[in-house]
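Asker: Keeping their order, the protein sequence lines are chains V and B. Per the numbering used here, the first sequence starts with residue 808, numbered consecutively. Per the numbering used here, the second sequence starts with residue 3, numbered consecutively.
To be clear, the hints were calculated from the coordinates, so they are not data collected in a lab. Note that this is a predicted model, so its numbers are computed, not measured. Positions of the beta carbon are idealized from the N, C-alpha and C atoms, including for glycine. Do not take every clue at face value.
Derived DSS-like pairs: lysine-lysine, alpha-carbon spacing no greater than 27 Å straight-line [what the hints assert, rightly or not]:
1) B:K214 <-> B:K164
2) B:K164 <-> B:K304
3) B:K164 <-> V:K840
4) V:K1140 <-> V:K958
5) B:K303 <-> B:K164
6) B:K304 <-> V:K958
A few chain V residues that don't get close to chain B, going by computed Cβ distances all over 12 Å [what the hints assert, rightly or not]:
7) D873
8) P879
9) T899
10) R922
11) T1004
12) D1050
13) A1081
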Amino acid sequence: MATTPPKQLHLWAFLQGIGHYPAGWRYKGATPKAVFDIDYYAAIGRLCERGRFDAIVFGDQLNGRDAAGRTPARLAIPTLDPFTLLAVIASTTSRIGLVATVSTTYNEPLALAERFAALDVLSGGRSGWNIVTSAHPATPWNFGEQLLPDKALRYQRAEEFVQLACEMWAGAGAEGQGGALIDHDARFFQLKAALNTPKLPQGRPALVQAGQSGDGRDFAARTAEAIFCPASTLEAGKAFRDDIRARTAGFGRDPDGVKIMPGLSFVLADTEAAAIAKDEELLGLASMELCIEYLGESTGVNLTFMKPDAPIQLDAILEATEFPVDAVAPVFKPGVEAGLTLGEFALRYAAKPRGHQTFRGTPQQLADQMAHWIEVGGCDGFTLQPAYMPGELELFVDQVVPLLQQKGVLRREYEDTTLRGHLGIRT
Amino acid sequence: MLISVALPGQSPETCGPFAPDLDRAGVDMIVLDGLAHSLDPIILASWLAPRVKRAGLVLAFPALYAAPFHVARALSAIDFMLDGRAGWRPTTLGHADQAATVGTDALTPDADVVPKAMDFIAATEALWDTWDADALIIDQESGLYLDADRVRRIHYEGPYFKVMGPLNAARPPQGYPVLVQSDADPMWEAAAKTTDVLIVTAPTPDLIASRKAHVARAGGQARLLAQVAVEATASVAELTGKIQALSGDVDGVHLVPATGEAMGRVLELIAALGKSAGEGGAARRLYARLGLSAPAATLIKKAYA
């Protein structure tokens, strides 16, 4: 009797600076100074290719990382422009996908289309676009504006932006011309442009999104080929996936054309107890000062002036914050209600990265859990979020990847040369 | 004699080999002219970075239709990846053709072109100034990543651009990338004070003298390069003679291969001019290679509101 091969899982590495734990950079397996070095990126690219990942994703922001003018001293800021890093990795690899997080709110369609076209051409068709809108109140201040457009408008601009960019990519390399002339006159953009680049090997970048809210889910279901999400439990993961697949089908697309890739934060060791101890050690590196800075950065107020061992001065905070008050008050509410000091609350808030559970255990346990999720339809793959870099990702590639390959759920060799090919999109 | 070369080629197959060839030949600067390429210069420069170990890489940017925040960040990253060998060339050339591509009523009126380009440079520099050179600490033991007193908002407000900062990227290793200008660009005169390399596109003795005088009057330190076109059929001996005749008046040459096919001639010419790859040791920062103590614009104290 022939057996069908098990469903294959997809692996992406979401590389946020020096790792996802705010104090991860302090851990002994972290190399925080290396992130300014070109050789580090070549090494990361090779590591992820060795792991047979579909792609590397870099996050990004367009705002200063300060809280009301004071930049945190203990967080691993700054960010290097992700397009630059991905192009460096493109140059030193041959298969790994390269996904840049780029906002539609403070960018222009042709410039963005040109940038992705160049990345796609130079990488042989491995580019991807994690489509985001800007939500941080300080972002407009770096683009000559005062206020963010409201959420609905940001989504509408994003829709038009993506549509226009796709038209430009489709027209690139038009025979004998410098690309097909697009004459676009609509609500957000009025321009006449041709994308004067060679034809993109993939046609267009893979389109990726993180869509949680209702609007976001519809946008993702209409346009995305891969979707990030938090998935704290298998049930939550399954529910999200089922919902997206239903919406996708509702828009007339094949649900298999959208890969659901929840975040996976992990800490590995030879025993579960050792992994838990390691995680505690990592979390313990987040000092109260760091947590207060992190909390301040998230709420637009410089909290370093307030007494950490005093109760939360909510009135003073709300008066001082540069963010909308109704976004800030709910953040502090649990701490105020529990009667915590500012320092105590900050420690709870900041030490753990939000939105994801962290797997703590052995490589075998992790491989088993991942394979199980795929088998029961909890997701189509995982967006790995190493607590610190590069040590924890190296552990994953060295110890978890071979187990997944032995189970037959992860490719041993790449079959395709493009990112959309790795995603199983055949157009 | 300084040697700069404009990189030809539209595809990885051509740019890919040309850049390391030029690097190995010992050129001082490789220039990516945004208008001549069909590939975005930021991506192209980043892709080339692992392949160019010693030469500087200079990127041209449209100075009127790019956002200072994006440019400041990208150039910071590129200067880090190149370990202090990045240059930039903000330009107004071709802007009328570009205008409609960013918005059908985006065309900058003639009278605003140079002032806006200068404001673009100032705003971008202001963003690099939001970080001091020694802001990064990165001490795992103490947990201090940076010195918070060395990063700041800048509240830059110019006639055309307004940026708050701080940049979410550290100050480039060179302070600012090396600033390159071409005298074919109407903005060159206004930029002369802080230009590090000025390309003289029609290098007659009179024009060279006139450019030099203008730079001196502006109080600038710019190195002058004579632009020389190189055809695939050029005579290396003839070009060598022509260049050597100029060499007293200029600091070097900027070679522009007419096509990819001219690259062979370019490499021969570089060798004939006596250039060779550096003798071992670490690659120098681009401004040092040009014989400058620092990029000119970093030497000027700025006042921000």
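Asker: Against each hint, give a clear statement of whether it holds in the structure.
Answerer: Comparing the hints with the structure gives:
no.: 1; hint: B:K214 <-> B:K164; in the structure: violated, 33 Å
no.: 2; hint: B:K164 <-> B:K304; in the structure: holds, 16 Å
no.: 3; hint: B:K164 <-> V:K840; in the structure: violated, 32 Å
no.: 4; hint: V:K1140 <-> V:K958; in the structure: holds, 24 Å
no.: 5; hint: B:K303 <-> B:K164; in the structure: holds, 19 Å
no.: 6; hint: B:K304 <-> V:K958; in the structure: violated, 38 Å
no.: 7; hint: D873; in the structure: violated, 6 Å
no.: 8; hint: P879; in the structure: violated, 7 Å
no.: 9; hint: T899; in the structure: violated, 5 Å
no.: 10; hint: R922; in the structure: violated, 5 Å
no.: 11; hint: T1004; in the structure: violated, 5 Å
no.: 12; hint: D1050; in the structure: holds, 34 Å
no.: 13; hint: A1081; in the structure: holds, 21 Å
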